[in-house]
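Undergrad: In the order they appear, the protein sequences are chains A, P, C and Z.
Residues in the first sequence are numbered consecutively from 1, following this note's numbering.
Residues in the second sequence are numbered consecutively from 1, following this note's numbering.
Residues in the third sequence are numbered consecutively from 1, following this note's numbering.
Residues in the fourth sequence are numbered consecutively from 1, following this note's numbering.
Quick caveat, the hints were computed from the structure, so don't treat them as lab data.
Hints should not be assumed to be uniformly reliable.
Okay, derived cross-link-like pairs now, DSS-like style, lysine-lysine, Cα gap no bigger than 25 Å in a straight line [what the hints assert, rightly or not]: (1) A/283 x A/230; (2) A/310 x A/332; (3) P/143 x A/235; (4) A/210 x A/440; (5) P/143 x A/230; (6) A/210 x A/227; (7) P/143 x A/239; (8) P/217 x A/227; (9) A/310 x A/283; (10) A/440 x A/310.
Everything numeric in this text was worked out from a predicted model, so none of it was measured.
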Amino acid sequence: MADQQSGGGSGGGRGLSRRKFLQGATTAGVGGLVVGGAGGFVAGRGSKSSTNTTGGTGASTEPILIGSASPVTGPFASDGQQMVRGQQLAIDEINANGGLLGRQLKLQVLDSKAQEPDVMKNVLQKLVSQNVAAIFAGFTTYTSVEFPIVAQAGMPMFHVNTWHGNVEYVQQNNITNIFQGDPSETSYGSGFITLVNQFIDSGAWTPSSKSTYVVTSNDPYSLAIAKAFKAGMEKQCWKTLGFEQYTVPQADYGGQLVKIRNNPPGIVFFSSYAPGDEASFIKQFAESPTPSLVYEQYAPSIPEYLDLAKDAANGVLWSTVVGVLAGDDRAKAFIDKFTQKFSRPPGFSNAGDQYDLVHLWAEAAAVAGDPFDFAKVNAAVANTVYRGTCGAYSFLPGTLTCYPYPDETLDPSLGMAHLTFQIQNGEQVLISPDPYTTGKFELPSWLR
Amino acid sequence: MNDASRVGKLPKLSAGSRLGIVALIAIVAAVPVVYTNHYVLTFLVTALITLVLNTSWNFVLGIAGVWNFGMLAIYAIGAYSEGLVMLHTGMPAPIAVLLGGVAAGAFSVLLAFPTLRLFGIYTSLLTFSFAQVVQFVIVNDPKGLTGGSFGFPTVKGLYPNLGPLAQLRAYYWTVLAVVVVATFAVAWIRSSRLGIALRTIRDAPAYAAARGVSPLKYRMLAFAISGFIAGVAGGLYLSYNQSITSSVMGLTPMSIDVTMLVIGGLGTLFGPVIGTGLLTFIQQALIDYPGVQLSILGTILLIIVVFVPGGLVGLISRTRRRLSNWVEEDETALPTTEEAARSTEAGT
Amino acid sequence: MTDAAPILDVRGLWAGYGDSIVVRDLDLSVGAGQTVVMIGPNGHGKTTFLRAVCGLIRPVRGEVWLAGERVDGRNPEAIAGMGLVHVMQGDGLFSDMTVEENLLMGAFPTTSWGARQGALERAYGLFPLLRERRGQRARTLSGGERRLVGLGRALMREARILLIDEPSLGLAPVMIDTVYGAIREIRERLGTTILLVEENFTHIGGVADVVHVVEMGGIVRSGSLEELSNDRTVVETYLGSL
Amino acid sequence: MSQIVAILISTLVLGSIYGLVAIGMTLIYGTLRILDMSQGSMVMIGGFVAWGVLVVANSDPVVALVAAFAATFVLGTFTQLISVQPLMSRRSDLDFEMVTFITTFAVAIVFSNLALQIFGPFQKDVPPVISGSVSIIGQNLSYQSLAMAVTSIVLMGALGLFLARTRWGLAIRAVAQDLDAARTMGVPVGRLYPLTMGLASALAGIGGVFLGAQFFASPTAGDLPLLEALIVVIFGGLGSLSGTLYAAYAIGFIQSAAIVTIGETWTLPVLYGVILLVLIFRPYGLRGNPSEARL
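Bound conformation, chain A alone (with noise of 0.2 Å):
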């Protein structure tokens, strides 16, 4: 340890001594960074805050940020980046045409991760610190902890978390500028139960047995809509014969496949947002089918899915509460357009869902006037009904969160469709609801 007994004693007539010189340049060294770190720090903080004060007075060229908090890398990392692709291709556009009240649009992008609540309240305040005109959030915290910043803060923020615990959170605060940009996963169980009963009764399809096995992964979303099937087919007399819960990733399902085999049931029903493991359920299921109808959730909806699972997932049912329009030439355009940017198509969900929120958005701001007068904003797009890729947007008062149509509205003009497709011949052919469908339902070869 370097002793403190006082030095330069032997100094004299030697000019500077090594002790004088470390002191001196120590002290200036921490003083200069002190001063210099603090001062940068500030100034940094400064200047970022003046130019986006300027820019909400709304008379400068500056661009207009954008916030998007979507989780890039982590479990949903493929999410992550079809919601950030939609955005940019909208934001593109708008700049394209002119921008938004004649300003440019920039996106911000930052990493939401598997939404741990530290995580997104650190993302949501550096965003609102930045002072974004909007934010758009992939998924969020299932726990809401994250929304009182935002509902601070004012601006409108969308999500598509797809949790009626969200949407009741915003209706309790009475927050007006929360959108959840679909419906809840409440409306999977309804949903599908409906269009079994179709089959059913039309006679295009005889279960088996009036029994189901469940294979879910156990990430809330996909938790969520298996226990919302659960619970839909346990009222309407269909026994569960199994309900199991497993961590993505996984690609062997032989015991699985033991059990369905040896009782097979009506309907097996995976839900995982891993396009991985589906693709590798429904190919050994293929390799020996039982008399199931087999419906797999969510992750058909990602395009890899079909360039894995291929031929083995023909006959294969999935649906979602956002999805595009296949048949749709608004669509039709949207894909055209991020295939040629991306050299990829998009896939069924995230991608439109949020370049349908940023369009419909900007809309509300135009309208409103001015990006930065939020509570204008937020009044515009709660009033807003707007047609996109997805169908149709309208924010339920006090959820605001967007009509499943045909679960609760029978107006296709108001709710967003609940979409059910079947892979046929390598396609997505999509068979409920009117007037969206692109074919109709056909039993799985395994069936026929």
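Go by the hints and put chains P, C and Z onto chain A.
TA: Below, chains P, C and Z alone, put in the same frame as chain A:
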């Protein structure tokens, strides 16, 4: 070498160093008065909570030398216990935080038993397995107590009645106080009988056994203490964020925490402070480049471990030693004109 | 005979571990066919000296010349490749490998690997015990057997010089005789140049051409065994009784 | 009956996967005393190479295996050179196992995030090396699984022979047992260490090619195999090749049996539970050497 005479005392510091520490605490404590930016304060509070966790982890990993990679599970157990206590008994938050710490300490002691017979890498794998089991239990909780993968149901924080800025400041100071207390506690323990015993068990197990130093007793104590501190950190996390998900104990957070410890200097007193501070700064600086963040952190970790093995604290103390040698050389040398000239040259 | 260039020539060698210097300014040379013995008490740098010569530790200062080439600073595998064979203190056997595998490792360098079968036969011829034990794992051998494996392994390739570190260490007297018998065999039948380190004079009779007495990391006295054993001060101070 | 067959088939598949990834880890631990956390990345990279060769270049499986072997061999060597070699000379001053555990882990983080940047987050399909399947009492066994099992066992055998019979194999074992002595025999450790790690990584890379058809290629494809290989190597005892082989199939069996009998949800906890028990009652695994764990 005069450890024995200093048992139970804080490490001897010069007046200057003591003044420096007090000044540092004062400066850090003043931050929320000067900066009111909510974003900065939000991540600083999170960083301070992480620092509490890292302080306890450093104690086990660096000072006791037990490769405990189950620390994040202990941290989570603290948080979930606190939450359960609050939800089901209506206990006030500050008491619940302490109870969470106690629960975490208890689990930590349980974990200490099987590690006794293990060495090195096996310990890390055992504790890591423990963490995995805890995570699975939390996620797949059949009774719905933990909220599963949805995250723990929202709880009231420590300061539910304050406004946003006041809340941030209150949390900041609360957690800072815990950091200071935890750091001093670890410093004190390090030079206490317990600390010396732990270091003996770590560095010379045979000698420790010969002297009758019981690994069972001391390791359990070490685990209990570190578990308690980590549990309190978890409780602070839950209170501050009002919720927690099991992904806070995933591989990515773990690698970031380990990086912080290693960069700062494992087993040193101020390593966690420096590591946590630096990495938080880097993470926030890279927040606009989410894709490359982890690659850069990985690279930094690699470089530090390879080229600066003792971490930054090790580097600083080595530099200080070299400088003081340099000064001593100067002062003990005969003041020949030649040397005087050289030192002046070096000085300018 | 001493006119020829020495096989090993060490000049002003300083070596040690970290901050502690154990070998100080040591000069030594070994001529072709000679057996040179270094004698001295424990902890005075003999082993360190050998480790520095063979490259396992880097000398702090000084030069090491092997057959006219300067080798200090090179790594041990390179020096081994030049024909320096080191029988380490405590044998350095690979304890989970069999006797034969241990011997084969002695022939590792490319130049000797091709001739390993012949070398194996030669080693077995010299030490028949090894043939009996060929399939046994080294960890199951007795101390004397281990030492013989170590010596046998040293014969697996052409040695310009053989460094042997305390061959009598930890052995029962009977085994010491066997081991020294083996060393004598090597010296006489193969004519190998040897640098040997021992703690005392007891066993080196009839082996040593030149003896150096080492103290505190330096050579304090040199001469033939006979000269030194007639030197009263040496005998009294360092070596006790003969 | 069909349950038992299913369990056995699943055991064969899982055990072979674990074996392929864990052999390399064991080899590296045996020689370098390093728990190489970058082995998972090698599985991931092997998968991407297979995807590149089979799908992008539309070439055949043999090329894929060779390319994966080569690529992961080079990267494994490189990993050793940047994350382990610089520490070798300071081996005695460091907690070497711990430090290299961290450095190889750091390399793994970088590799998987670079893969995320280069290939994107999506999984890529890797076609099976061999297609088709055979039915055993109503249960399917794909040729791919069979090939994987055979490859795994053949590679294990070949590795065993290599270590027992060849010059470099002996050298690897010698270095593992006494570094200084091996160096004085002329073993060039500066080259041997990187080559050993390259070889081990290449085994994991081959594993990745087979796994690609099952798990697909993605930046995180190596995470699970890494965790499972860790379980296997502890169970078998670090550094013991035969122990690793037994452990791979034992773990595969426990996992398959757990899935079939008590369900998927609790399979991994059961596995970790088994490991906890093994470590409590046999602290050095089935075949581990207690003295090795103390280094």
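Undergrad: What are the numbers of the hints the structure violates, in ascending order?
TA: Number 8 - this is the single hint that the structure violates.
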